[in-house]
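Listed below, chain by chain, are the residues.
4 protein chains.
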Amino acid sequence: MPIEKQRRKITAKLGSSEFSALQRKILDFRNARDWAQFHDPKNLAEALSIEAGELLENFLWKTTEQSRNLTAEKLKNVREELSDIFIFLIYLCEEYKIDLLKEVESKVAHNEVKYPVEKSKGSSKKYTEY
Amino acid sequence: MPIEKQRRKITAKLGSSEFSALQRKILDFRNARDWAQFHDPKNLAEALSIEAGELLENFLWKTTEQSRNLTAEKLKNVREELSDIFIFLIYLCEEYKIDLLKEVESKVAHNEVKYPVEKSKGSSKKYTEY
Amino acid sequence: MPIEKQRRKITAKLGSSEFSALQRKILDFRNARDWAQFHDPKNLAEALSIEAGELLENFLWKTTEQSRNLTAEKLKNVREELSDIFIFLIYLCEEYKIDLLKEVESKVAHNEVKYPVEKSKGSSKKYTEY
Amino acid sequence: MPIEKQRRKITAKLGSSEFSALQRKILDFRNARDWAQFHDPKNLAEALSIEAGELLENFLWKTTEQSRNLTAEKLKNVREELSDIFIFLIYLCEEYKIDLLKEVESKVAHNEVKYPVEKSKGSSKKYTEY
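Top line first, the protein sequences correspond to chains A, B, C and D. Start counting at 1 in the first sequence, then tack on 524, and there's your number in the numbering used here. Start counting at 1 in the second sequence, then tack on 524, and there's your number in the numbering used here. Start counting at 1 in the third sequence, then tack on 524, and there's your number in the numbering used here. Start counting at 1 in the fourth sequence, then tack on 524, and there's your number in the numbering used here.
Just chain A, same shape as in the assembly (with noise of 0.2 Å):
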């Protein structure tokens, strides 16, 4: 392929990383049926804790072991909730302008600070219990 060429299909993807592309997409998907009215945080986290509720209906009376080995048709609906939720936290990033992936590349460097691993390695505890 010439330079030319190359560089330009290197640059379309670029200015729309995988992660961003989708941003948009859910977005679009949003204005188009002019559901933003509905949006407002309250709502979305709303929504956000029924999809996490339906999440974890698929491991309900479920041993730990049983939870490793869904059936396809609960598999098939963790896969769905998973969206749904990752939808919702995207509608509450755009609601206050929250860069999330920079927003959660912070959280973990806090999180290394809050867990030293000396302190945590192999233990479940919470960082108030050490």
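A few of these clues could be false.
All copies of an identical chain are treated as equivalent in the list; a pair is satisfied when it fits inside any one copy or across any two copies.
Lysine to any residue pairs mimicking SDA-like chemistry, simulated, CA-CA at most 25 Å apart [unchecked claim]:
| no. | residue 1 | residue 2 |
| --- | --- | --- |
| 1 | 598 | 555 |
| 2 | 626 | 639 |
| 3 | 621 | 651 |
| 4 | 626 | 641 |
To be clear, the hints were calculated from the coordinates, so they are not data collected in a lab.
For this one, chain A is given, so just place chains B, C and D on it according to the hints.
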């Protein structure tokens, strides 16, 4: 910048997109602490659901209007809860080898069919209520 | 009816109030199905949380006003979710031998101190925010 | 005490069983603080769901066995969360004038049909999975 150097820079960035780099960082954080042993999907779904409740608490007793105008302290908490939820999403996807972005993309495509613009525009009804 | 007989009847009724009779019925339902084996507190708390999400779904995207005026169908669902939540409360209390009514009574007494009338009247603030 | 006086006392107690006395106390607590204005059902369902998440947190990362053997501190928290959930149940019932005990009784009767002993004994399957 000469084309060649520019291309190398672009390629480097492409090779590790921001999203997958973050995913890697989240998994490395866990490995360093040997926490995968606690992270069976049942517990991860519990954790995500608990965080969703903590997110929701920021909006409790608030009107729609108030929920759009959080104090700096509440907003900081919202950012942290959103990050925690994202982190548990990543762990759950790792468990089942789910490509989250692809999954969400296919869910959005599915929703386009479930909620046709002409039926859903300006309506908060669930698709089962059409 | 002679006073003596009437008193015995009243006493019998007192000894098994409506609440404890219902509690008994809920536990008998479980025993007949041999379900206590699944009802460890971790799973019961999951179940209760899932039901709470289903309850909340009846109010999603609704205004405060709309939430006070549910359709007959939604209201029927609310009644069922409230009942399910009550049932899981009873199972959890059974597990730890908690006397629910006494416990709530002492919690209300505790709240009277935590939320003194003069500080909390007409305010939705949490006690930590005074 | 003369029989007649004793009977009046017993009757008074019957007229206000432990359950309804507690219900009354919970509503009086609210009235004294003028909180009914915040207690629309949407917010109450949010509150209940948040408390259910806090209850669940006591069992996070724990095995079934560990969830049956909580520390005194965790158990104290469980008792409080159970009480909070009960209190929000009462407020929601007040809103819709639901007689909670009657409602639960009819739900149990309904479940007897939904989960016949011969099909459900020793099985954790949902009735939709039979």
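Status of the hints after comparison with the structure:
no.	hint	verdict
1	598 x 555	neither (31 Å within a copy, 27 Å between copies)
2	626 x 639	within (20 Å within a copy, 32 Å between copies)
3	621 x 651	neither (29 Å within a copy, 29 Å between copies)
4	626 x 641	within (23 Å within a copy, 33 Å between copies)
In the structure shown, a violation is registered for the earlier hints numbered 1 and 3, in ascending order.
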